[in-house]
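Chains as they are written, first to last, in this note's numbering: chain R, 11 to 366; chain E, 11 to 366.
FYI, nobody ran anything at the bench for these hints, they're computed from the structure. Keep in mind the model is a prediction, meaning the values are calculated, not measured. Incorrect hints may have been included.
Said to hold, decoys possible - What follows is a list of derived Cβ distance ranges for each label pair:
#, chain 1, residue 1, chain 2, residue 2, range
1, R, E352, E, R238, 24 to 34 Å
2, E, E345, R, E87, 18 to 28 Å
3, E, N242, R, G17, 39 to 49 Å
4, E, K317, R, E87, 29 to 39 Å
Stated by the list, open to error - Just a few of them, taken from the derived set where beta-carbon distance is under 8 Å, the chain R residues facing chain E:
#, residue
5, F22
6, L23
7, G133
8, I136
9, L137
10, A138
11, D145
12, F294
13, Y346
14, A348
Ideal Cβ placement from N, Cα and C applies to all residues, glycine included.
There are 2 protein chains.
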Amino acid sequence: MFSGVIGRYKDFLPVSGSTPEVTLGEGGTPLVRSRSIGPMLGCEGLYFKLEGCNPTGSFKDRGMAMAIARALETGRERVICASTGNTSASAAAYGSRYGLETLVLVPAGEVALGKLAQAMAYGARILAVGGNFDDAFRTVMGLVDILDIELVNSLNPYRIQGQKTAAFEVVDDLGDAPDMLCVPVGNAGNITSYWLGFNEYAKAGLSRKLPRMMGFQASGSAPIALGRRVDNPETVATAIRIGNPANWESANRVRDESGGMIDMVADEEILSAYLRLAREEGVFCEPASAASVAGLMRLPDLGVEVKGKTAVCVLTGNGLKDPGTAESRALVEMEYVAPDLEAVASMLSVDAGGWR
Amino acid sequence: MFSGVIGRYKDFLPVSGSTPEVTLGEGGTPLVRSRSIGPMLGCEGLYFKLEGCNPTGSFKDRGMAMAIARALETGRERVICASTGNTSASAAAYGSRYGLETLVLVPAGEVALGKLAQAMAYGARILAVGGNFDDAFRTVMGLVDILDIELVNSLNPYRIQGQKTAAFEVVDDLGDAPDMLCVPVGNAGNITSYWLGFNEYAKAGLSRKLPRMMGFQASGSAPIALGRRVDNPETVATAIRIGNPANWESANRVRDESGGMIDMVADEEILSAYLRLAREEGVFCEPASAASVAGLMRLPDLGVEVKGKTAVCVLTGNGLKDPGTAESRALVEMEYVAPDLEAVASMLSVDAGGWR
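Okay, chain R solo, but in the shape it has when bound (with noise of 0.2 Å):
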């Protein structure tokens, strides 16, 4: 039977017998070879985890899952989080599906289109804040003190928990770890996951090494990068807009413990990367996860070797989750013509078999 990431890990999670097995289908999701960028870098492997596969479009599914069976497993009703919008469908998706009500704050007006319409679908309530995500977080941890209601932002311990599962899937799909894992930095939940789940895997003696952590954040949202908060959070990848993350001191933590870097990327370097997944690699992800491919892409330039190595770039969700950013960047036209062969023939000058 299919198996969700609580199923097909329990033995490196912290669940009991008496832990419902939560899943909404997370997990097991492609790793797929790079063709184009890889070989142009010289890597030795360059892979890419398709985390926008999950149920909802982004890796937050697999800590939700555990965050939701721990709400479940304690007798919680009610479940909260403030988001730039992939924490909220996650834990409004898992919320309908188990019977809890879900609460989300999100920043008022910067949230991209596609995870507001699953707030929406899948019933959560919704509180736009006027303010940015620092703000609507704020506001949820004073909620928590005064309700009966169960955090699920990557603060909950459990949703780490979940998330480092995609570091079991790399290995297992290649066999060992990478020699160095690119990520995107919002919160940084995910960075500190990775880690996590490959020295677990290193010590079961399932792998031999441990990757170097490159963790990327959008250079207008830069506070670990910069080492300071950042009061007013600008860039495109909304996903990452966040000025003072929740688990900064365990990504400076990672960045030392592996010899990796948290570093920044040019929002114009992000969109770059991913119209270059999208036009070269056949991959849509969401802007803030092409920081990880834009990052990796500027490493020659700050003397850290990629030729020779392999690695493995998170695409942290969807590319269908912001269809605006899609339709304002990829500079398309869409031509109208009428369904008669001849008008079309015409329109692309049909001759000799080709069309100019």
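With chain R's structure known, arrange chain E on it following the hints.
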């Protein structure tokens, strides 16, 4: 290593040593057990096959991997299709990944937002035809006669071959075929493919029974159910808005051989099932996908026993493909509030640990 459908099922596919193993991570999609609708109907087990978890968000990727492998093997440099959106997204993705120029003809004004965003992101050439799918399809068939180009609609037999792998996965997960399979019917390629897959697995001794094949069209676009071409098909389920299906005869054969049916469901039934899937099962699919569930829910009224049966509903595409329908139908209002604990607590009428 992670494999796509060609790598996983090559023994059942028309591939040779010289066929390139084309993949974008398609297949291996979740089979998720119903928690609400199945128990309500008294099914022994009801499962949803989440084909929206494929890399471009629909089941089309399975067959496209095969069709593109074939196009490459025969030296084609260009591919073409008519599409209500999902086929064009898939063709554009695999086309870009494997360096094939992709030309898609879509009915102008009838394709869901996310699907157009995908084709644009992947860089396809998009002709918006002034007419419906059937007009676009007829034009494509004319072009195929005069251009050196590979047709990747489901008339391409390699598409059907790739798509049958979904039936293999259902049997692999359940240990046998279900008693019935419910599937939306548009161009009728998918019902044809599943039936082929179930038969091949049974012949190979990998399953003991064959399912009844239950296909459902939208009532405003139900040529097969009505037994006559529909000149102006109309339905909210844009993915199956097809009045003259290419695989019509094959669909009738599958119905008869399997002791199944091809029936129709009203748009209101489709939308009701669509919202119920999101609100009770945590599954957000596109409207056309929900026709399979709306159809299943009608069966008791049609005198078909579902109590005690095992059924699989194929949810063909991701809800993110069509965010507009979610927004307009979810009837959820976002509530705007300042990022202030007291303001939010007051809005929630926080009282004794809860809210109203």
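Structure-based check of each hint:
no.	hint	result
1	R/E352 <-> E/R238: 24 to 34 Å	holds (29 Å)
2	E/E345 <-> R/E87: 18 to 28 Å	holds (20 Å)
3	E/N242 <-> R/G17: 39 to 49 Å	holds (48 Å)
4	E/K317 <-> R/E87: 29 to 39 Å	holds (31 Å)
5	F22	violated (20 Å)
6	L23	violated (19 Å)
7	G133	holds (5 Å)
8	I136	holds (5 Å)
9	L137	holds (5 Å)
10	A138	holds (5 Å)
11	D145	holds (4 Å)
12	F294	holds (5 Å)
13	Y346	holds (5 Å)
14	A348	holds (5 Å)
In summary, the structure is inconsistent with hints 5, 6 from the numbered list given earlier, while agreeing with the others.
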